[in-house]
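Student: Which chain is which? The protein sequence lines are A and B, in order.
-17 is the number of the first residue of the first sequence in the working numbering; add one for each residue after it.
19 is the number of the first residue of the second sequence in the working numbering; add one for each residue after it.
Worth flagging that the hints you see were computed from the coordinates, not collected in a lab.
From the three backbone atoms N, C-alpha and C, an ideal C-beta is built for every residue, glycine too.
Honestly, I wouldn't trust all of these hints.
[Stated by the list, open to error] DSBU-like mimics (lysine-lysine), calculated; alpha carbons at most 35 Å apart, straight line: (1) B:K134 <-> B:K70; (2) B:K269 <-> B:K193; (3) A:K90 <-> B:K193; (4) A:K90 <-> B:K29; (5) A:K182 <-> B:K215.
[As the list claims (entries may be wrong)] Here are some chain A residues pointing at chain B (derived, C-beta under 7 Å): (6) L(-15); (7) S(-5); (8) S(-4); (9) V(-3); (10) L68; (11) E83; (12) R87; (13) Q174; (14) T175; (15) G177; (16) R179; (17) E181; (18) A185.
[Claimed, not checked] Covered stretches of chain B, as calculated for chain A (at least 3 residues, CB under 8 Å): (19) 88 to 96; (20) 115 to 126; (21) 184 to 197; (22) 229 to 237; (23) 246 to 255; (24) 259 to 272.
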Amino acid sequence: MNLLESIKRFYASSVGKKLLVALSGVVLLLFLLGHLAGNLLIYMGREAINDYGEFLHHMLHGTGVWFARLGLLAAVTIHVVATIHLVQQNRAARENRYAYETTVRASKASRTMIISGIIILSFVIFHLLQFTILPGPGDQGYYDDQTSDHLRPDVFGMVVRAFQNILVCLFYIVSMGFLCFHLSHGVASVFQTLGLRSEKTAAPIEWFGRAYAAFIFLGNISIPIAVQLGFVHL
Amino acid sequence: MATEKLNLTLKVWRQPSSTAQGEIVTYEAKDIPSTASFLEMLDIVNEELINKGDEPIAFDHDCREGICGMCSLTINGRPHGPGDGVTTCQLHMRSFRNGDTIWIEPFRAQAFPILKDLIVDRSAFDHIIQAGGYISARTGSAVDANAMPIPKPVADYAFDAAACIGCGACVAACKNASAMLFVAAKVEHLGVLPQGKAEKDRRVLGMVRAMDDAGFGNCTNQYECEAVCPKEISATYITKMNRDFAAASIKEAVVNEF
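Please model the entire structure based on the sequences and the hints provided.
Tutor: Listed below in structure tokens is the structure:
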């Protein structure tokens, strides 16, 4: 059996697809943490977050951001495609449902991963359009930064202006709620699928997963709230 | 103390054959002693049905002492009914109250086709075992117990998995009808022992593939299986199998023979 055939066989198996979902999930989880750390620079002021934005676009002579983007695109694609295949198989595995359905232990989050996942995916598309694809030179929120000696994108102004709209804030907060919900099952699930859970660590892993989800949620929603309350302003 | 008598309403899945359309049929179960087991309750109901000239409710059973893995039934949505660590045959009517309505359905999964009423065909499990759930070496007569030292924790770990009776409750409880708990128990109880270690990689790859071929769903780490397992087998065996499968897949991909 050659290597390519082995890879195909691996993907064809249930455990193989699950491992890919878990590994791509880890990439996305680490990205979320890095993204949050970057976001929180907004509390350090305009210069700090604009410096960070400039750094992201100039690291490795401007190729770094593209490596990151392609990596993330690959992770999202694997995560979504493998999940769709798994869900299709799961539906087919029980075509006739129970007349009396009950759940003993499975959390609400674990039973609605596909729904929260689809919502998060649509949020990501909106978020990229709003802050990455649509803003350009000449647009509002893409001004010369007063504190710097050269022309560069004003990330700070763009974010603050966006969150001055209460509807945008609410949309972000609700979306982060779904992300938190998704992670409350997803983080602990990664440990199980990658074979890193045991009787002793099962409970701490469960708590770690919830804490991670809560941290990402609270950290991110603090920004629109801070803008609305006027703690962060232009 | 006089035995309490229960009057119950049963909602039972009736299906004359594997190809026929099934439906929920309502029966009144009268004067059921609370000391009866769940299967004895069904025996009483069937006795009445036979006396009336009706077809009795078909259900699987054998030892009736919780060890053979033959009895099944999803009772009020839960395989083997309420209570932890019991099979349907060891479930007693004292777990129910007078006037209760009880829903009785077969173990539902595409991989477990219904043969009649509450009886399902669980031979998919046999096919999984045939794909590697054994040791191929000739074992000869039993060796001296102390000739092959096995640490007590290892023996316990293997035995806890070997307690699986192959009833299929894990599949019936799983939201995705996945057989991962069964397969993990069967893979891991051999994999940690010296006799089984030699064929560890071949076993996990073969059995997981046989499981996939049988049309079971995929595990989504919800642990419904662990919660209903009459032998209380831990889902951490699934964790270990995931790890072993990943390692064996890599070995298979980069090394030709193992």
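Student: Next, verify each hint and record whether it holds.
Tutor: Hint check results:
no., hint, in the structure
1, B:K134 <-> B:K70, "20 Å, holds"
2, B:K269 <-> B:K193, "32 Å, holds"
3, A:K90 <-> B:K193, "12 Å, holds"
4, A:K90 <-> B:K29, "27 Å, holds"
5, A:K182 <-> B:K215, "24 Å, holds"
6, L(-15), "6 Å, holds"
7, S(-5), "6 Å, holds"
8, S(-4), "4 Å, holds"
9, V(-3), "5 Å, holds"
10, L68, "5 Å, holds"
11, E83, "5 Å, holds"
12, R87, "4 Å, holds"
13, Q174, "5 Å, holds"
14, T175, "6 Å, holds"
15, G177, "3 Å, holds"
16, R179, "5 Å, holds"
17, E181, "6 Å, holds"
18, A185, "12 Å, violated"
19, 88 to 96, "holds (count 4)"
20, 115 to 126, "holds (count 3)"
21, 184 to 197, "holds (count 5)"
22, 229 to 237, "holds (count 7)"
23, 246 to 255, "holds (count 4)"
24, 259 to 272, "holds (count 10)"
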